[in-house]
Amino acid sequence: MSALVEVKGLDKAFGGVHAVEDVSFAVEAGQVFSVIGPNGAGKTTLFNLITGLYTPTGGEIRLNGESTTDLEPNELAERGMCRTFQQMQICMNMTAIENVMLGRHLKLKSNLFTTLFRLPALRRDEAAARARAAELMEYVGCGEYLETEASAMSYGALKRLEIARALAAEPRIILLDEPAAGLNATETAALEQLIRKIADEGTTVMLVEHDMKLVMGISDRLLVLNYGRVLAEGTPAEIRQNPDVIAAYLGG
Amino acid sequence: MLNRLMQSRLRGVMVLALILIILPAFLGNPFHYELVTQMAIIAATVVGLNLLVGYAGQISLGHAGFFGLGAYFTGIATGTYGWPSVPALLVGAVVVGIIAWVVGRPILRLKGHYLSMATLAVGFIIAIILNNERALTGGPDGMPVPAFEVFGWELSTFGQYSLFGLQIEGFQAWYIFASVVLLVAVWFALNLIESPIGRALRSVHGSEVAARVVGVNTAKYKSLVFVISAVYASLMGSLYAHFQGFITPAVASFEFSILFITMVVLGGMGSTFGVILGAVVLKLLPQVLADFQELETVMFGLILMLTMIFMPKGLLPTLTAVVSTKLGKKKAGGAA
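Going line by line, the protein sequences match chains W and V.
The opening residue of the first sequence carries number 1 in my numbering; numbering runs sequentially from there.
The opening residue of the second sequence carries number 1 in my numbering; numbering runs sequentially from there.
Some clues are possibly wrong.
Here are the simulated lysine-lysine pairs, DSSO-like style, with alpha carbons at most 27 Å apart [unchecked claim]:
id, chain 1, residue 1, chain 2, residue 2
1, W, K213, W, K107
2, V, K111, V, K220
3, V, K220, W, K107
4, V, K220, W, K109
5, V, K313, V, K283
6, W, K213, W, K197
Treat the hints as calculated values from the structure; they're not laboratory data.
With the rest of the complex left out, here is chain W:
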C-alpha cells in the first residue's frame, strides 16, 4: 500500500500533558481525510506535528515514504505539503493578491541580481504569478478583492484567501484546520463545494472540522481523537455506527 502520509505511534507531550499519544493512521493519496474530536482532543496539535511546526516527542511521520519527523515547515512545503490555520495566518501588511503570490514562493526562482535590476525574466515570472494568483482567488471565490489590502477584508473572505494561498503552492496534500469555523450556512456550503473541487482535481485533503454535516458529507475516511488518543478510524458510515464515538462525541 502506498500511503501519502503515514503516522506511527506519534506522541507529543507538553510538560506532563500528552496532547497527542500513540496516534497511528495512514492517508491514501487522493482521499479527503478528516480528523474530528471534542475540543482539546489534540487535532490541531496533530496538524502542527504533521506540518513540522512542532517536533514530536515520539513516533514517526512519513510523507510519501520519506521520514519527515525532523523537517522544518518550509522543507515540508518543498515536498508538497501546505496548510491553513484555525487562527488565520494572513500577512496583513500586504494586499490580498500578494498573499496568494506568496504561496507561489517556491515556484518562483529569483536571485538578488535579477531582482535589484528588475530584469525582464523576473517581470515575466511576476506577471505569470500574478495571473495565476488572480485565477486562484477567482477559484476560491474571492476574486473581487484582488488589490484589496488584506487588513480590509472580511473574515470569510480571508478564510478563502488562505486556502488560495495554500493552493498557489500546488501542494500534493493540503491540510485545512477548521475552515468552516465562523462561517454561515451559505459560506459553509460554498466551502464544501470548494473542498470537493480541490479533491476532485487530485489534491489530497486533510481536514480538522467541527461541522459534522460538512465532515460526514465530504470525507472518505475519518479519524476520531479523544484526549489525544485514537478513538476510532473508518468511513463516515462506520464512524456513525461506532458506539465509542457516539458515547464520547456524537451524542445520541
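Chain W is fixed; fit chain V onto it per the hints.
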C-alpha cells in the same frame, strides 16, 4: 495591474529626481549644499535600514556600527594604505556584509526586545573597537580621509569642475553625486520590495508561520535582509567618510544608530519615500533648534514617542492617508 505598480514605482522615483533637480535653486551657500548632501547619504542609509525594520519587521539598534565600519574601512584603506576609493568602498561593503552575516545568523533567531539588545550590543562593540584601536583608527581623535577619486579624477568639496560645459563647485558636484546615489539606492530598494524576495521579507513581518508553511526559509531571509541593510550602511558610510574628509568614532555611535531608527519610525516604517522624509526632517531639526543643542537627544526621544502614539504608521503614510481622504479617494496606496 502590473503596469499600474510599475508606474507608481517609477513615478515616486521621478518625483524624487525632480525634487533633487529643483532643490539647488533654493540652496544659497556651500553650507546648504553640505547639509543636503549629508541628508542624501543618510537617507540612502535609512532606505536600506527600512528594508530590515519596515519591511521584514526586524529591529537593529546598532546600524551605525555598520555605517562606521564602512567609513573606517574606506578611511584606513584609502588614507593609510593608498587604495583607490572604489575598490576600498566595494571591498569594505563585502567585508561588512560578511560580518553582518556572521553576526546576524545567531542574533536574528531572537525576537523583540532580545533582538534590540543584541543589535545594540553589536553597535557598541564596533564603536568601542573603533575608539580603542588607535594605531589603525586614530582613536577618539578620529582620522582624515582623502577625497573620493576614480582613476586619478578627484571629487573634492573644494574642487572646480565642469559638467556639460557648466562650471560647478566641488560641493555642487558632491550634491549631484549624492543625489544620483540616493536615486539608485531607492530604485534598488523598490525593485527588491516588489519581487518574490521582497514578498518573502514582508511575510516574515506579516506572519512568520504563514511564510514557513508556504516554503519561505525565514531564517535565510532574515539574514539576507540584515546583510543587505548592513551593506547599504557600509557603502553610505564610505561615501560619508570621503565627503566629510574626517571621521571620528561618533559615526558608529549609539546616538547615530538611534537617529537612523528614529528616521525610519518618524518617516514611516515600510515606506521608502517616507523614511527619506524622516531623514530630511531629522537632519533639519538640529538647524532649527540650534539654540537648544543640549536638548537634541531629548527631542529625538520625544519625537519617537509622539510618532508612536499619534502616527504609528509614520509621517508620509499618515499624510497620504489624510490627503486621499480629503480628496475623497477610497484607498491610500500612494506611498510605496
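Do the hints match the structure? See the list:
1. Distance check on the hinted pair: K213/W and K107/W sit about 36 Å apart at the alpha-carbon level, beyond 27 Å; violated.
2. At most 27 Å may separate the alpha-carbon atoms for a hinted pair to count; K111/V and K220/V meet this at roughly 15 Å.
3. Distance hint between K220/V and K107/W is fulfilled; the C-alpha atoms sit about 17 Å from each other, no more than 27 Å.
4. Restraint check: the Cα-Cα separation between K220/V and K109/W comes to about 15 Å, which is no more than 27 Å; the hinted pair holds.
5. In summary, the hint linking K313/V to K283/V is supported, as the alpha carbons are separated by about 20 Å, within the 27 Å threshold.
6. A distance of roughly 18 Å separates the Cα atoms of K213/W and K197/W; the hinted pair therefore holds under the 27 Å criterion.
Checked against the numbered hints given earlier, the structure breaks only hint 1 and satisfies all the rest.
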